[in-house]
Amino acid sequence: MPGLVTYIARRLIAYLLTVMIAITANFFIPRLIPGDPISALIDQMAQHGEVVSGGAEIVAAYKEQFGLNGTWMEQYFRYLWSLLRGDLGPSIMAFPTTVQELLVTALPWTMGLLLVATVISWVLGNLLGAMVGWRRDSKVNSALVVVSLSLNQIPYYFVALLLVFFFSYNLSIFPSSGGFSLIGGRPEGMRMVWDILYHATLPALSIVISSVGFWVITMRSMILSTLGEDYILLAEAKGLKRQVILNKYALRNALLPQVAAFGIALGFVMNGSILTETIFNYPGLGALLLSAIGNLDYNLLQGILLLTILSVLTANLILEILYPFIDPRISHGGD
Amino acid sequence: MTELALKVEDLKVWYWTDRGPVKAVDGIDLEVKKGERFGIVGESGCGKSTTAMTLLRLIKPPGSVEQGRILLDGDNLLDLNDEQMRSVRWSRISLIPQGSMNSLNPVVKIGSQITDAVTAHGDSVARAEAKAKIIEMLGMVGLPARVYNMYPHELSGGMKQRVCIAMAIILQPQVIIADEPTSALDVVVQRVVTQTLIKVQERLGAALVIIGHDMGLLAQLVDRLAVMYAGKVAEVSPAEDIYKDPLHPYTQLLIGSVPSVKEKKPLEGIPGLPPTLLAPPPGCIFHPRCPHATERCRAEVPQYREVRPGRMVACHLYE
Ligand SMILES: Nc1ncnc2c1ncn2[C@@H]1O[C@H](COP(=O)(O)OP(=O)(O)OP(=O)(O)O)[C@@H](O)[C@H]1O
Ligand code: SF4
Ligand SMILES: [Mg+2]
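If you read the sequences in order, they're chains U and P.
Per the working numbering, the first sequence runs over residues 15 to 349.
Per the working numbering, the second sequence runs over residues 6 to 324.
Looking at chain P on its own, in the form it has when it is part of the complex (with noise of 0.2 Å):
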């Protein structure tokens, strides 16, 4: 057995529309180690959600998983058939969705729809004492047990997420993919839901990868950091070493275009904008933005490669 969690290789989705392929995740490699916490940070529209649902193969056409392979404990679910793949996902790997909101059945109360969960991959042992632990994961996420009878409008919108990550946990997974888990909360009701979601992690064990936009806000809670641009990785590096010492230019310009409380830096925003993924440019995704550019940046495709002990880039400047 590997200690790896879970391991991507070279993945590539494309979404293929008219005007040709959006090259959403254009060949990204990942490394989540058991119980690591693992964050994957960048702009809007860079690839991040369709990374999040590639790895419990839930793209839709006009999507398409064109290459790679997602090694869930060793085993790639990109060669699983219909029927093994639905057993996997939620018992070795969930998913706490980025539409949290929404993400409930309104007409169905909520300890129906953890128990649907216990249904579809246990057997009746199992179920017969769902009721009795989804009380327990309720209060696990700080929900009182009355939670079970409710119904998703009855509750707040930092509930509804309590409930989301109570049902993420109920099999007790691998890997949990928390996708910006707390965007459409507010800022109190966020850190605290935060929080709940980090200590249920600890106690569980399991990996998590946590998908967000705020680079400060995700460095503090997670072991390692992946900074995603335009459907490629730019850097993965433990998050002390990202924030102390970025090394992708674009990390650079992102954590300098984060406002820092102690020293009153001003603050630069990335100039420029994201390129389109229906035509990327040529050579590094990121040259027309980059201030390192040179001849070589617009021609060839920078390799991603370990420049240091443990940290992963893909920029010239590290050759």
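In isolation and in its complexed conformation, chain U is listed as follows (with noise of 0.2 Å):
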């Protein structure tokens, strides 16, 4: 157990190192773009005809009010500071709203349908997988991989439109967009969750099915050359029935790798989410961030990007942690 203690203190110092080198990063990066938001602002008003008298005197309000005045090392030290009362500072483009309050409500959105949608599709394509890997000659099996090998090489726009195409506009069975409903007034109880499950089926189907296709070919050829491995041949020859070889020889070594690669897929929700949310108007972290980059809200892209950072590598620390208990050649007390 000491050794369970240091490993999960190393673990949590390089963890806490990544966290400090990704704010800084997250500071500075956004303010590399070109432009600044109070100018950004203000022309905005002044296209939508509103009056802008005293322009400097306004710019240095506002400057003030978003953190903005003082040299950059002022700045960072300042953000430094509200970070750790968790004050991500009020957002740029939706004054008064402040950056948490908008994360909170787009969060659940991105992550009910991504996490969701990409946690189906694992255990989806790794099933797939592990029974045309298991089952070769069967002609149903090879017909899969055939599909699974084209549908992981279609770019995710494509599949997304066509979902749109023919279940929204040709056949109308579902919404081609949002998250729920708008006209009408919003449902209550049972029939809001279904009104959200009605709208998210489409961009979480058009996720699994650009995405499972990977799973269900890594799945297959781990099964494949698992199955190559001497330890499944003694296993046949020790008599055991098929299915003991296939659950605990064959598919608990080839899930191992599958179940890295999926902390690695995690990493990857928040670039999905951009695509999904963008072709579905779908109202989740990827749309508010495409806005905050089109405002130039640097408070809002850098809690946007904190929060992904985080997740992505909290995901990896977790992961990280519960990986030497499915695999035991990785130890607690080694490195």
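Simulated from the structure, these hints should not be mistaken for lab results.
Note that the structure is a prediction, hence the values are computed from the model and not measured.
By construction, the Cβ of each residue, glycine as well, lies at the ideal position given by its N, Cα and C atoms.
Treat each hint with caution, since some may be false.
To be verified - Cut-off 25 Å, straight-line C-alpha distance, at most; resulting in silico cross-link-like pairs (DSS-like, lysine-lysine):
(1) P/Lys12 / P/Lys39
(2) P/Lys12 / U/Lys262
(3) P/Lys17 / P/Lys65
(4) U/Lys255 / P/Lys65
(5) P/Lys38 / P/Lys12
(6) P/Lys114 / U/Lys255
(7) P/Lys138 / U/Lys153
(8) U/Lys255 / P/Lys138
(9) P/Lys114 / P/Lys136
(10) P/Lys65 / P/Lys12
(11) U/Lys153 / U/Lys255
(12) P/Lys17 / P/Lys38
(13) U/Lys262 / P/Lys114
(14) P/Lys249 / P/Lys38
(15) P/Lys138 / P/Lys204
(16) P/Lys138 / P/Lys39
(17) P/Lys136 / U/Lys255
(18) P/Lys204 / P/Lys39
(19) P/Lys65 / U/Lys262
(20) U/Lys262 / P/Lys136
(21) P/Lys204 / P/Lys136
What the hints assert, rightly or not - Derived Cβ-Cβ restraints for the label pairs, each shown as a range:
(22) U/Ser235 / P/Ser161: 29 to 35 Å
(23) P/Pro67 / U/Ser239: 16 to 22 Å
(24) U/Val133 / P/Lys65: 31 to 37 Å
(25) P/Ser188 / U/Arg343: 20 to 26 Å
(26) U/Val133 / P/Asp23: 38 to 44 Å
(27) U/Ile335 / P/Val130: 38 to 44 Å
(28) P/Gly210 / U/Ile335: 49 to 55 Å
(29) P/Gly40 / U/Gln257: 46 to 52 Å
(30) P/Ser188 / U/Ser156: 36 to 42 Å
(31) U/Arg343 / P/Glu305: 52 to 58 Å
Hints are included, so try docking the two chains, each in its own frame, into the full complex.
Structure representation (structure tokens):
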């Protein structure tokens, strides 16, 4: 057990260091985008016909409001200090709404859609992959392999647009955009749950369809290479039942790299959310990120990126701590 | 009941490749008596492992058993259905595999892997008693009880090999096949592990088929020795006879090529290469390398027969 404690402590220190570096990068990178948000805001207001007088004063006032006054270094330490207090600052584009409020509204949508779809895709893909690898001679399985290989090649947006085209425009079975019904008032209770699931179906389907092929193919090849191992042959020589050989000898080994790959896939959830949420006009973090970039909303940008980085790093930390429990060769004691 | 533990009749096992069948085992006959130690020796690629795998019916495509019978205590294994074969495996014939280093599941504890073998064949009583039995068997091969709770990567090569031996005897089968059981170990460990294997076999009274490529080493261990060449059996003789008086020209050359410590004979080596099993030569398969080959050898396949009491040879010289 002392091994476990030092192992976790070590991982935690590495984790905190990475977070620190990420926060720093997170602060400076948005400021490297040309232009500044206050001028953008005032331009926008002017375009909408609002009278903007005393430009310089207003800019200065706003800058103070959003913590954009002073040198970058001063801003940086102010930023760190407010982070420590859990304050991400006000959003610039949606002032006076705070960044936290925007994140809290958007996060459940992205998590609910992307995370659930990624998990479904992983589970489904690994089940199918194990099946086609285990029973190689079946015709249905060979067909499945071809389908998976093709799916893996089709770009995501193509799948998404095809789904929208058939299921919304042609057949009108599912809505083409949005996360919930806007017309006729928002439903309550179970009706609301159904409404949300109904709206999430196409986006989720698009994610599952375009990513499941990858899991089928990788799991199939893992199973195939595992089946060639000496310990499978010996398991068969021992007269074990096929089900035991599959579950305890083949699957357990073949799944290990798949679990590690899942951790990496989690890191791409945010990437995926930008495309998905844009195509389906879905109210999540990806959509929020896009408008934050468009409006040069430093605070919001920082908030979203921070959240993304934190969730990826945390997911990996959890995986690193859990991995030795499923693979005895990686011990908690060693490095 | 016969006094034979295992009888192989005219067995052919071919691997079907794009270029035609590789005749890895091409009509062999073997008889292993109950409780006997029986050796199979031959160069790499002559079909030893294929033979071993076929005895447990573990040949996978592109390999296929083309003909023959494998009688285990009188029952032809090739006639059994899959479920019958499954129950024969390990309870009546077990295997110490060639690649013992990788033969243990890396993510499952040793005890659990041996228990699986018991569970697959036993009733609930056997299962309940499994742990004590497994620890006893581990002790028998010289391993401490704590190995039960260890993972393969925590063991040395020699210890893994002992685990494989303990696993092979856990159900006390009548026949144990050991395919080059020590080839991956260093010399000192090899000797110790081999001694363990012999000791255990004697305690159990099981027939042991040991496969190897070192004729000198094998001859010291076994009662009788089969010499295989290119998918066929060249000679089967009692170990001491085969060493003093090898009959088949191939056996003679093999013994000539074993470096002897006592006599300072020059190392002879066998000229030529073993034939490709895709297109074996006609007549006697050994004739391209045989110093005694005649016209008849090039045309006619020699009969495998008993040429002297207890000595089987396939060679025209003894007809
Ligand atoms: N899956 C396969 N496909 C085609 N040929 C094969 C296959 N497996 C084995 N062979 C061939 O069958 C022949 C016998 O192989 P086998 O493994 O039985 O030899 P061996 O006597 O055990 O050799 P070694 O001493 O190297 O273990 C070899 O020529 C080999 O190339
Ligand atoms: S049959 Fe002929 S070629 Fe074959 S081993 Fe005997 S003498 Fe040599
Ligand atoms: Mg071999």
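The hints, checked one at a time:
Between lysine 12 of chain P and lysine 39 of chain P the alpha-carbon distance is near 11 Å, which keeps this suggested pair within the 25 Å criterion. A distance of roughly 34 Å separates the Cα atoms of lysine 12 of chain P and lysine 262 of chain U; the hinted pair therefore is violated under the 25 Å criterion. Simply put, lysine 17 of chain P and lysine 65 of chain P have alpha-carbon atoms about 14 Å apart, close enough for the 25 Å limit, and the pair holds. A C-alpha spacing of about 17 Å is found between lysine 255 of chain U and lysine 65 of chain P, which places the hinted pair at or below 25 Å, so the restraint holds.
Distance restraint check for lysine 38 of chain P and lysine 12 of chain P: the Cα-Cα separation of roughly 9 Å lies within the 25 Å cut-off, and the hinted pair is therefore satisfied. A hinted pair counts as satisfied when its Cα atoms are at most 25 Å apart, and lysine 114 of chain P with lysine 255 of chain U qualifies at roughly 19 Å. With a C-alpha separation of about 45 Å, the suggested pairing of lysine 138 of chain P with lysine 153 of chain U is violated against the 25 Å cut-off. For the hint pairing lysine 255 of chain U with lysine 138 of chain P, the CA-to-CA distance comes to about 22 Å; that is within 25 Å, so the pair holds.
For the given pair, lysine 114 of chain P sits about 13 Å from lysine 136 of chain P by alpha-carbon distance, which is consistent with the 25 Å threshold. Note on lysine 65 of chain P and lysine 12 of chain P: the hinted pairing holds, with a Cα-Cα distance of about 22 Å set against a maximum of 25 Å. For the proposed pair lysine 153 of chain U and lysine 255 of chain U, the alpha carbon gap of about 24 Å is at most 25 Å, so the pair holds. The straight-line distance between the Cα atoms of lysine 17 of chain P and lysine 38 of chain P is roughly 22 Å, inside the 25 Å bound, and the hint therefore holds.
With a C-alpha separation of about 11 Å, the suggested pair lysine 262 of chain U and lysine 114 of chain P falls inside the 25 Å cut-off, and the hint holds. Taking the CA atoms of lysine 249 of chain P and lysine 38 of chain P, the gap is near 23 Å; set against the 25 Å cutoff, the hint holds. This hinted pair checks out: lysine 138 of chain P and lysine 204 of chain P have alpha carbons roughly 18 Å apart, not beyond 25 Å. Pair hint lysine 138 of chain P plus lysine 39 of chain P holds up; C-alpha atoms about 24 Å apart against a cutoff of 25 Å.
Taking the CA atoms of lysine 136 of chain P and lysine 255 of chain U, the gap is about 20 Å. The hint holds against a cut of 25 Å. Of the supplied pair hints, the one linking lysine 204 of chain P and lysine 39 of chain P holds, its CA atoms being roughly 16 Å apart against a limit of 25 Å. With a CA separation close to 21 Å, the supplied pair lysine 65 of chain P and lysine 262 of chain U stays within the 25 Å bound. Distance restraint check for lysine 262 of chain U and lysine 136 of chain P: the Cα-Cα separation of roughly 19 Å lies within the 25 Å cut-off, and the hinted pair is therefore satisfied.
A C-alpha spacing of about 22 Å is found between lysine 204 of chain P and lysine 136 of chain P, which places the hinted pair at or below 25 Å, so the restraint holds. Here the CB-CB span from serine 235 of chain U to serine 161 of chain P is close to 31 Å, well matched to the stated 29 to 35 Å. At roughly 18 Å, the beta-carbon separation of proline 67 of chain P and serine 239 of chain U lies within the given 16 to 22 Å, and the hint holds. The hinted window of 31 to 37 Å between valine 133 of chain U and lysine 65 of chain P holds, with their beta carbons roughly 35 Å apart.
In this structure, serine 188 of chain P and arginine 343 of chain U meet the distance hint of 20 to 26 Å, their C-beta atoms being roughly 24 Å apart. One distance hint, 38 to 44 Å for the beta-carbon pair valine 133 of chain U and aspartate 23 of chain P, holds here, with the actual separation near 43 Å. Distance hint check: the CB atoms of isoleucine 335 of chain U and valine 130 of chain P are about 41 Å apart, consistent with the given range 38 to 44 Å. Between glycine 210 of chain P and isoleucine 335 of chain U the beta carbons are some 51 Å apart, a value that agrees with the proposed interval 49 to 55 Å.
Separated by about 36 Å at the C-beta atoms, glycine 40 of chain P and glutamine 257 of chain U break the suggested range of 46 to 52 Å. Range check, serine 188 of chain P to serine 156 of chain U: about 38 Å between beta-carbon atoms, so the 36 to 42 Å window is met. In this structure the supplied range 52 to 58 Å holds for arginine 343 of chain U paired with glutamate 305 of chain P, their Cβ-Cβ distance being about 57 Å.
Consistency note: the structure conflicts with the earlier hints numbered 2, 7 and 29.
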